[in-house]
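Put chain B on the given structure of chain A with help from the hints.
In the order they appear, the protein sequences are chains A and B. Note that the first sequence covers residues 1 to 235 in the working numbering. Note that the second sequence covers residues 1 to 138 in the working numbering.
Be aware that one or more of the hints could be misleading.
Said to hold, decoys possible - Using 16 Å as the maximum straight-line C-alpha spacing, the simulated EDC-like pairs for lysine to aspartate or glutamate come out as follows:
#1 B:K132 / A:E42
#2 A:K186 / B:D123
#3 A:K186 / B:E47
#4 A:K170 / B:E124
#5 A:K83 / A:E12
Stated by the list, open to error - Ranges of calculated distance between the beta carbons of each label pair, as one might list FRET restraints:
#6 A:E42 / B:R71: 53 to 61 Å
#7 A:I187 / B:D70: 44 to 52 Å
#8 A:I144 / B:D70: 51 to 59 Å
Stated by the list, open to error - Looking from chain A toward chain B, a few residues come up when the C-beta cut is under 8 Å (computed):
#9 E12
#10 I26
#11 V28
#12 A151
By construction, these hints were calculated from the structure, which means they are not laboratory data. Where is the CB? At the ideal position from N, CA and C, for every residue including glycine.
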Amino acid sequence: MLNLLSPGKIFEISSKSTKYVFVVFIIVLTIGLTESLFLSPEDYKQSHSVRIMYVHVPAAWTSIGIFTVVAFLSIGIFIFKNKNFFLITKSLVPSGFIFSIIALVTGSIWGKPTWGTWWAWDARITSMLILSLFYFMYLLSWRIISDQEKAIKISSLIAIIGAINIPIIKFSVNWWNTLHQGPSIKIIGETSIHSSMLIPLGIMTAAFALLSLLIFLMKFNTEMIRIKNKGLDRL
Amino acid sequence: MVKKVKLRIVFLLSLILSIVLSVYLILKALEKDVVYFLSPSDVKNLEKIASKKVRVGGMVKDKSIDINSDRINFVVTDFKNEINVSYSGSVPNLFSENKGVVVEGFLQDRNYLKAVKILAKHDENYMPPEVKEALGGK
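Chain A on its own, in the form it takes in the complex (with noise of 0.2 Å):
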């Protein structure tokens, strides 16, 4: 689809995108927070810690959701050699690694006091530790690696190698005893979350994903100004 399009049409838009998706990201943002810090109830049980929910559920789905895409990409990558795909998939890990920290941070401060303990060795918790190691190698193995060859080929395998453990955390509550708790939102079944507090994590869960996005086509925009400027008439 993007051989399609000529080069300097890519960079114009995704050039010109990133100011409407910055001012998208900010009215949204600022509507999430309202409703998240100040309109929402607190919990019955954890009053105002709940208030951490927000922030912490919208970056383990964004992460998670951000590596599902490196992956199948990554697949298109490593069997057609696809060459526009690579330049997706390196813009995308950055937010998507910074999203798995902050998930790991927010889960420590929220399980503190909630379940006494800043970190535990559940299947969860490793899981999502395993996330971020797999994002960490990705970024490394294009430092690494100066051969651009090369490169691509190895980072797409650690982003198809990583992929095996999305299924581990998203099932890693329902497969074993873990402290983290089990899912509210249920693909089949009630979800256990009340209406006042499931709007505001809709709206955050938007703000990230517009946030990602933000980062990706700002990263993807060093990108292609790098590939102009080297004069290599990539895309």
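Using the frame of chain A, we list chain B on its own:
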């Protein structure tokens, strides 16, 4: 060219399959250690009581918390089996009757655990206090 694409597909499939199988086997073999805690029923079925630290999780039984001068005693239940727990120290804020708990400590026998650490387990329900009251909060 097409042949190379096919080879790459086969390579990727074998890679994924081999890793999935190894991960599965490792997790299956380590199932006892992957679980964060045992239920009181698991404790009942233990072949022998290990002298090392274990974690037992379940609900704090209704009206079972008994606070002495320096010890707190309570019962952890999974509604099939129960285990008595004795602990000395501070408990997390969310520790209360009819709520989830994970206790870490040493089993004295199949019915008695001396805890060294108590963690509160939070469930997946989130709601404002008014809603909880309307539901006849237990």
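Checked hints:
1. B:K132 / A:E42: holds, 12 Å
2. A:K186 / B:D123: holds, 14 Å
3. A:K186 / B:E47: violated, 37 Å
4. A:K170 / B:E124: holds, 15 Å
5. A:K83 / A:E12: Judged against 16 Å, a Cα distance of about 19 Å means the pair is violated.
6. A:E42 / B:R71: 53 to 61 Å: violated, 32 Å
7. A:I187 / B:D70: 44 to 52 Å: Holds, at about 48 Å.
8. A:I144 / B:D70: 51 to 59 Å: About 56 Å separates the Cβ atoms of I144 of chain A and D70 of chain B, which means 51 to 59 Å holds.
9. E12: Interface hint status for E12 of chain A: violated (33 Å vs cutoff 8 Å).
10. I26: violated, 27 Å
11. V28: violated, 22 Å
12. A151: Interface hint status for A151 of chain A: violated (17 Å vs cutoff 8 Å).
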